[in-house]
Every structure is written in C-alpha cells, then in structure tokens.
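**Student:** Quick note, the sequences are listed as chains A and B, same order. Going by the numbering used here, 111 is the number at position 111 of the first sequence; the sequence numbering is gapless. To get the numbering used here, take the position in the second sequence, counting from 1, and add 227.
Calculated directly from the structure, the hints in this document are not laboratory data. Warning: the hint list may mix true and false statements.
[As the list claims (entries may be wrong)] Dumping the calculated DMTMM-like pairs for lysine to aspartate or glutamate here, alpha-carbon to alpha-carbon at most 25 angstroms:
id: 1; chain 1: B; residue 1: Lys526; chain 2: A; residue 2: Glu171
id: 2; chain 1: A; residue 1: Lys81; chain 2: A; residue 2: Asp52
id: 3; chain 1: A; residue 1: Lys126; chain 2: B; residue 2: Asp378
id: 4; chain 1: B; residue 1: Lys375; chain 2: A; residue 2: Asp25
id: 5; chain 1: A; residue 1: Lys126; chain 2: A; residue 2: Glu163
[Stated by the list, open to error] Chain B stretches covered by chain A per the calculated footprint, using a threshold of three residues with CB under 8 angstroms from any CB of chain A:
id: 6; region: 293-302
id: 7; region: 366-374
id: 8; region: 384-395
id: 9; region: 423-431
Source: prediction; values computed, not measured. C-beta atoms are modelled at their ideal positions from N, C-alpha and C, and glycine is treated no differently.
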Amino acid sequence: MLGEGIIQGLFETARNFFGSYVEKDRLTTVQYPEERHQLPEASRNFPFLLYDGPDPDAGLRCVSCQICEKECPPRCIHIEKSKDKKPDFVGKQQFYPAVFNIDVSVCMSCQICVEVCPFDAIRMDKVFELSTSDRFGGLLWDKHELSKSNEYYRQIHPMEAAECDERRAKELAEAQAKAAAAAAKAAQAAPTSPAAAPAATNGSGNGASAPAKSGAAHSAPETKVAQ
Amino acid sequence: MSGTLAELESIAGPGEIMEVSMGPHHPSTHGVFRMDVRLEGEKVVRLKPVFGYLHRNHEKIAEHGAYLSAIPYTDRLDYLCSMTNNWGYVLAVEKLAGIAVPERAEYIRVIAAELTRFQNHAGLVGFLLQDMGASGTPLMYAFREREKILDLFESLSGARMMCNYMRFGGLRVDCTTGWLDEVRQLTARLPRFVDEFENLLRGNEILMARTQGTGVLSHELAINAGVTGPMLRASGVNYDIRKVDKYGIYDRFDFRVPLGDHGDVYDRYMMRILEMRETLKILEQALRGIPEGPIIDPKVRLRGLRPKAGEAYGRIESPKGELGFFLISDGSTNPYRYRVRPPSMINLTILEDMCLGQNVADVVITLGSVDIVLGEVDR
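Pulled out of the complex, with its shape left as it was, chain A reads as follows (with noise of 0.2 angstroms):
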C-alpha cells in the first residue's frame, strides 16, 4: 500500500516520543549548566604541574629534564632551567623550572607529556570550563597557574593517584634505606667523625650517600645542604 512505509516511520517517531516520558534510554539530555554529567575519572583536559606538601614552590616536582617540551606534539610547553637546584622528594639535589609556560590555546590534550614524564610531575586536568576575554595573555598559563596540589590531583584521579602514591613512597623508602646505609657505613669507616652520625638519623637522600665514598672528612658540607 502506498503510505506503508510513510506511517511505519510515524510509528516510530511516536514511539520515541511518548518513551521519552517514561525511558531513560530514550531521553538522554541533561539540563547543563543546573544538571551535570559525573565526569569519568580517565577524562583529560589540559595538563596541570603536581606538587606535594603546602607550597607550590618548594614542592614543585617538574625536574626541569625538558622530555615534555621535546615530545610535545604541537610544543606548546615552554621551560627555563634554574640556575640553581633545590630538593625534590627523596632529598636529592634538582633543577626546577624557573619559567614553566604552557599554551594551552595550541595545547591539543594529547596526554604525550603526561606518558612521557619520568618523574610524575605533570598530570591531565578535568577543568573545562576556561572562557577568557584574552586569547593571548589568558591562554598562556605559566608556573603558577598550573601547579595544583597532589590532594587535587587526589581527588580528580583517585585511582590513577593512589597508584602514582603508591609507586612514591616506595621510592622515597628505597632511597631512605639507601641512605641510612650509607650514613651506617660511612659511620663505621669513621667513627670518630661527628658529622656521619646526624645524616645516620635524619637520613636524607643522595647527600649521604656521595661522603660514603669520598670518605667522612667531605660528609659535613654536602649532608647540610641536603638538609
């Protein structure tokens, strides 16, 4: 019959329509900006820069290698050296970014910095909501506006972070026992010398274990600055 095909298609349009009220299957829209959408944890935005403890400064992970700024598809990142070096988490002695810019206007969210970074220093955001009025000034995020701490990070990948956690705190453990031997041996090597026993204690990091070869005499300075 001519008209068939026309009213099965009606059919179904109406059946759409009236299961709309009572499928969920069928209505899948949410009212954004009132309603949201629970992100899924793998989500990726823009990348951000991790630092543990309270100050974006001192606990700044990024090592400065520059692996991200070369692998980076369209080199959006942009990194200075410090002059420098301060500690990083297991108490050695690092460079820092001293300029750490990224473009997020060229930035394509490829996730390739995150893959490629040694130290578990920069990490994918969720945040998406970014209108600016300044497309130059406003999408060019330095140091920063791009350091979030590892509670956000926590929170955003709870997963993905405590894996991350994991894998540091038994590193910074190695690098503990490391080092009390070290201290322990350099002790025993010397036991007269005053300056092995506080690094024996306190236990901190690669500065204990150099004197360890160089014998207790040079112990002193480099376990104060590793301090």
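Following the hints, position chain B against chain A.
**Tutor:** Same frame as chain A, now just chain B:
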C-alpha cells in the same frame, strides 16, 4: 568533453549554462568542500570538486616529529573515527619495526574499532537523511546512540573524539571489567536501535523515490577509481580488508560482508544499516572471547623508537574504506616519508561521474552517501 563553458554552451545554446559554486560553507558539503557546478537548468553538466580548505600539512608534521607524536595527529584525520585512524597508523609502525601485539590488546582494538564503525555509520545515515530533508529526527536518534558510544570512549581513553588510545605494541591503558560490562550492556541494547532506525525510513515511499536510481556507481568504475569501503560494496564488489587481509584478529570472527546490487544512494544507505548489524555480531564475539593479560609489549620503546631502515604499508578497513599508512624509515627517530591513503578523498574522486545528468538536489544526497570527512580529504 573537457567541459569548458564555450563547449557546453555550443551544445546547450548561448546563455543556457549557469555556473554555481556550492560550498565551501554550505552545510550539505559536510565541512569545507566546494563544488564548481555547471548547470543547464536543473541538470548538472559539469562538476568540479575543489578541496584543500582544511589542509593542515599532516604528512609533513608527522615526518618532523617522532613516531609517537604522530598518533594524536592521526586522530584529527577522520575526526569521527579516531580509534580506527590510530589503528591504521600503529599497524604500519608495527609492521615497520616488527612489533608483536598482545592478545588482549588485539581484542580491545577490535572492540574499539567496531564501536567506531557503528557510531560512524549511525552518524552518516543520520546526516544523509538530513540532507534528504528528514530534518533532525533521524540525526537526533543517531546522535543519541553515538553519544553513548562516545561516553564509553571517554571512560576508556579520556577523550570522546580525539582518543589517542593505541600505541605501537598495544594500547595506552587497559580497560576495566566495569567498562567491558558497559559495552556488553550497550551491545545488547543496540540491535533494538538499529531496528527502529531502519523502520523509521527504510520503506518510506518518498525516500525510495528520491534515492533509488540516484547517483549510480557501476562496479567497473568503482574498481577502476580505487573506491573502497561501503561505497564499493554497495556497487556489488565483495572486498573488505577485514576479510582480505585479516589484520589483527579478524580471522577469528564470524561475520558476513553485505553487498549491494545497484550502487545507488539507496544501496549505500542500506549498506550502512547492514554493516551496523554485522558490527554488533563482531562486538558480541569479541566481548565473549577477550582474555586477561598485558595490553602492551613491555619491550617496546614508545619514546625514541628507531625502526630499521625500510618501508611498510599498514592498511585497515576504516568505516569509510581502506585507510592506509605508508612509512619509510631511514633508521632515525622520525619517519623519512609518511603518507596517508585517505579513503574519503579517493571515494570522492568519482563524484562527477555519479552526478552528471542529475538534478542539483541529487548532488547533495550523492555527496552525503559517499561519506566524507574533510579532515581526511585535505589532511
């Protein structure tokens, strides 16, 4: 006939030929694509496709970056199907560097690629029917289902469209069991959607009158022009790279390759519906057979990969046709030559042959049935 204005006018009569520029900002051109159309009344006597408005130097950028940094750029080729684009590229690199892929990664790749195929075909049918004047309804239904697939992609890879998910030697992250359950639930629901979607307009008399016999592509021309994908199969040529090459693990799945007969717009429309059904079959089998295990070969160096000097061509059956990546390595960290074989562009080359002698309105639906994405055409 070369189709110059003077030649055309010598046949039609002086002042009878009108030159119309369709696009590049016309919604029916699915992006920034322009057609120089010469018309005699309503009839198309000459059609010249003009593209390049979205050229982004994709191949040169990839040649200047490391092998890894080309993956996020492949997302942006056919931006509706980033998963299959990733797969095509990593397959070429795997061939070039001789990398094996773990079992579980192969299964997840198939699941991701088939979900991509489903959402691409659903979207395409929606857009095609929109072009024909079924304003909104089919497109909204298609996008409703596509949205659910994109949500799955987001919880898997982190992004809805620019997934950047596959890596040479495997995948970036593993999927959770919860994710697989969600895919199972969705796969169980989707056949009902395909039924509804098909019933909506399949038997519609207006649609049949409009599409049957429009934009016919003979199978000889389709083969000669190198047309691939659903376009080729709608013309009755049995050629599916999943069957021919059996790349990945496609030899383990039982599915049919639907074939058309007439090669007109209606066949191409039905081809997508039928392929969606076959896709669901593959998905069910893949979800049943997925093993536990690693998702990436731990020995693969993602950063600073240096394949031995040589060349490789990796090709897959993307939703639009044969997507191939040709790579030449000179032993350094970036490819010496990187070339994409884009199905959209090659399927577009025969547009004039399909449109000659038809009305202007038929050009729009013929173009719609080719299924192009300008990101891939222009690269």
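**Student:** Are the hints correct? Go through all of them and say.
**Tutor:** Cross-check of the supplied hints:
1. Proposed proximity of B/Lys526 and A/Glu171 is supported: the alpha carbons are some 22 angstroms apart, at most 25 angstroms.
2. Between the alpha carbons of A/Lys81 and A/Asp52 the distance comes to roughly 20 angstroms, so the proposed pair stays at or under 25 angstroms and holds.
3. Restraint check: the Cα-Cα separation between A/Lys126 and B/Asp378 comes to about 15 angstroms, which is no more than 25 angstroms; the hinted pair holds.
4. Of the supplied pair hints, the one linking B/Lys375 and A/Asp25 holds, its CA atoms being roughly 10 angstroms apart against a limit of 25 angstroms.
5. For the suggested pair A/Lys126 and A/Glu163, the alpha carbons sit about 19 angstroms apart, so the restraint of at most 25 angstroms is met.
6. Three residues within the 8 angstroms Cβ limit are the bar, and the region 293-302 of chain B against chain A gives 8, so the coverage statement holds.
7. Remark: the region 366-374 of chain B is confirmed as covered by chain A, as 3 of its residues place a Cβ nearer than 8 angstroms to a Cβ of that chain, reaching the required three.
8. As drawn, the region 384-395 of chain B meets chain A at 5 residues by the rule of a beta-carbon pair under 8 angstroms; at three or more, the given contact holds.
9. For the region 423-431 of chain B, the stated coverage by chain A holds: 7 residues have a C-beta nearer than 8 angstroms to a C-beta of that chain, and at least 3 were required.
Violated hints for the displayed structure: none, as all numbered hints are satisfied.
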